[in-house]
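**Q** Sequence:
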Amino acid sequence: MIKPNGVKSEAVEELTTVSEVENLPEAVDDLQDIDNILNSLKSLLSSVEKLQKVRQEVGDIKPLIGRMLDGELVSGEELEQLKTGVSSLARLVRAYSDHQAALTKAQPARQLLDQVLKERKAS
Numbered sequence: 152m153i154k155p156n157g158v159k160s161e162a163v164e165e166l167t168t169v170s171e172v173e174n175l176p177e178a179v180d181d182l183q184d185i186d187n188i189l190n191s192l193k194s195l196l197s198s199v200e201k202l203q204k205v206r207q208e209v210g211d212i213k214p215l216i217g218r219m220l221d222g223e224l225v226s227g228e229e230l231e232q233l234k235t236g237v238s239s240l241a242r243l244v245r246a247y248s249d250h251q252a253a254l255t256k257a258q259p260a261r262q263l264l265d266q267v268l269k270e271r272k273a274s
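The sequence shown begins at 152 in the numbering used here and counts up one residue at a time.
In short, the hints are calculated from the structure, not lab data.
Just to be clear, a hint being listed does not mean it is correct.
[Said to hold, decoys possible] Derived Cβ-Cβ restraints for the label pairs, each shown as a range:
| id | residue 1 | residue 2 | range |
| --- | --- | --- | --- |
| 1 | Glu270 | Val225 | 57 to 67 Å |
| 2 | Gln203 | Pro259 | 17 to 27 Å |
| 3 | Val244 | Leu196 | 13 to 23 Å |
| 4 | Lys272 | Thr235 | 43 to 53 Å |
We treat Cβ as the ideally placed atom computed from N, Cα and C, and that holds for glycine.
Hey, can you work out the whole structure from these sequences and the hints?
**A** Have a look at this one:
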């Protein structure tokens with residue numbers, strides 16, 4: 152007859168550990184996926200910040216560009232604002248493009264979030 156002396160529970164714990172080690176490659180893949188998703192979210196946040204910063208630098212030059220395209224002459228402070236805004240438009244286009252790429256790359260985060268929320272509701 153086997154007496155319960157704690158040895159049996161240690162053996163069960165070892166078996167659990169061994170089975171967890173056998174599933175380790177899947178767990179590592181999941182961790183790498185999660186790291187990639189978190190990194191993509193950080194990149195998206197960074198691109199949003201850059202986009203907002205460039206938008207502020209460009210300012211509201213639409214009325215000035217409209218006036219210039221209508222043939223009006225602008226001078227002084229308005230001209231300087233227009234020059235700064237137009238030169239910043241290239242950076243705005245680049246920032247917008249970077250933001251779109253980061254947004255596309257971060258889409259798996261949405262799927263992971265949906266999955267986590269579904270599992271949380273189920274329990």
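**Q** Please name the hints from earlier in the document that this structure breaks, with their numbers sorted from lowest to highest.
**A** Violated hints: none; all satisfied.
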